[in-house]
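These protein sequence lines map, in sequence, to chains A and B. Taking full-length UniProt numbering, the leading residue of the first sequence gets 1, the next gets one more, and so forth. Taking full-length UniProt numbering, the leading residue of the second sequence gets 1, the next gets one more, and so forth.
What the hints contain is simulated information worked out from the structure, not anything from laboratory work. Don't take each hint at face value.
[Unchecked claim] Dumping the calculated SDA-like pairs for lysine to any residue here, alpha-carbon to alpha-carbon at most 20 angstroms: (1) A:100 x B:106; (2) A:160 x B:129; (3) A:36 x A:160; (4) B:117 x B:136; (5) A:144 x B:129; (6) B:106 x B:117.
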Amino acid sequence: GKWKNKERVLIFSSRGINFRTRHLMQDLRTLMPHSKADTKMDRKDKLFVINEVCEMKNCNKCIFFEAKKKQDLYMWLSNTPQGPSAKFLVQNIHTLAELKMTGNCLRGSRPLLSFDPTFDKEPHYALLKELFIQIFSTPQYHPKSQPFVDHVFTFTITDKRIWFRNYQIIEEDASLVEIGPRFVLNLIKIFQGSFGGPTLYENPYYQSPNMHRRLIRLSMAAKFREKHQVKEVQKIKKTESKVLIKEDPTEAVFETPAEEKPVEIQHVKPESKAIVKDKRKPRKIQRKKQKKFFRTE
Amino acid sequence: QDGLKECLSDFKQQLAWVERLDVTLGPVASTVDSGSTSASDKDAVDPENDFQREMTFYRQAQAAVLDALPRLHKLQVPTRRPDDYFAEMAKSDQQMQKIRQKLKSKQEAMQKSEKAKQLRAMRKYGKKVQTEILQRRQKEKKNMLNAVKKYQKGLSDKLDFLDEEQTASQGNKKGSANQRVKKGPNAKRRYKNQKFGFGGKKKGSKWNTKDSFNDVSDFRSKVAHNKGPGKAGKKALNKRPGKRARQKMKSRAR
């Protein structure tokens, strides 16, 4: 058949990405035959330069990975000429190369896309769903694609985030094995234009990783500060002038001092006491025997 | 919100389903239902519970597959790869080999540990059984000897019983000594046991009483007068003449 659906996706990143991100990018490129690669972009340039890059490469969709502080990874999904774009925070990346993912699929085979029903409930999710479909589905009769459908991408919404998984279809009765990669997307914002333009939607549950780290640090600091404060308060209490209670005249009413005894000085050593055997107490040997018996019991 | 919807309507592509291949479905109803089973309210998946979360993803994928495959077949899109169709895979063969190796090694490690555990358990059991047997034997021996001692000091008409017990306990002694040869020291032992009775060394077993003095059962005349056939001829060879005879010999020699 003829290849009609001319979708091309540009997948590239900024500088400063780590090995995991690089592998993820490569995995996406192998899984999507309708993708094109490009060199790393300098972070100095503004984002709308990306639109020009895409036009040069004749692509109409883009996946752009941006790494900040060598820790946080952001992903932009965009429809380049004029369409909407979305920015996500990517977490929990596992690549194709991990040995726990035992499935495999044809390189360039078309995927089946599976979405959570939650995607239809909210307008912003519906928009995202449309974006995912257009980007991730391989066009039919694409020259680099294989005609079989042997794996399925799942997008699920859990815990206010979008979880991505890739499974291989083994049998017709839907027994699946995970191929990988897998990642979690946390939506930040949706823009009307490509890499810019008015904000259509902002995720209220999103907390930037900086904020997250800051909160953790603050909580630790707060604990320490509290302990310190308690100590200060105690110190102050100690140095405070103590309140003097007035003397109570009724207190000493019932006191009767003891009679004074005459001081007696002994000149003669007292007689030593006669040692009287306690017949009730058993003898030493018997006591030892009892002890032994008691111990072994 | 309206802006979103507007944007969506602009953006939406009207493509045949074949192009998109998307399915929106909830997960397949799980066979293992914990507690409430109503299918309408989506049981909130606890994101922290890894297993549950992954199972929901798996089931969602399954639902999609079950829904999509018939549709694909109707549209004559192949889903099964023929066996003679060789093409490049997403993961290289090397990678798959590594994966297979890892799985195998894990399985082997588990099996080894299982075997080791079993061996240990068996050894423990065997040791327990062995100690039990030894203890039982010791107890039996002790009881036998005690009974024998009692009857030795007591009534004498129980001697028949005693004999049985003696041989029985002797058998036990031999048995516990692990099948020694019947000849050799056993004869000596037997003789001594017969002579001195049981219970090991007993102080005061040989008394010079009237009965023992009159007891001439152990007297062998041939041994006493050196008349009988010598076992090795030792006594005859080593026999030293008496003092008088020796002096006579000396004087005669001079």
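Status of each hint after checking the structure:
| no. | hint | result |
| --- | --- | --- |
| 1 | A:100 x B:106 | holds, 11 angstroms |
| 2 | A:160 x B:129 | violated, 62 angstroms |
| 3 | A:36 x A:160 | violated, 31 angstroms |
| 4 | B:117 x B:136 | violated, 29 angstroms |
| 5 | A:144 x B:129 | violated, 71 angstroms |
| 6 | B:106 x B:117 | holds, 17 angstroms |
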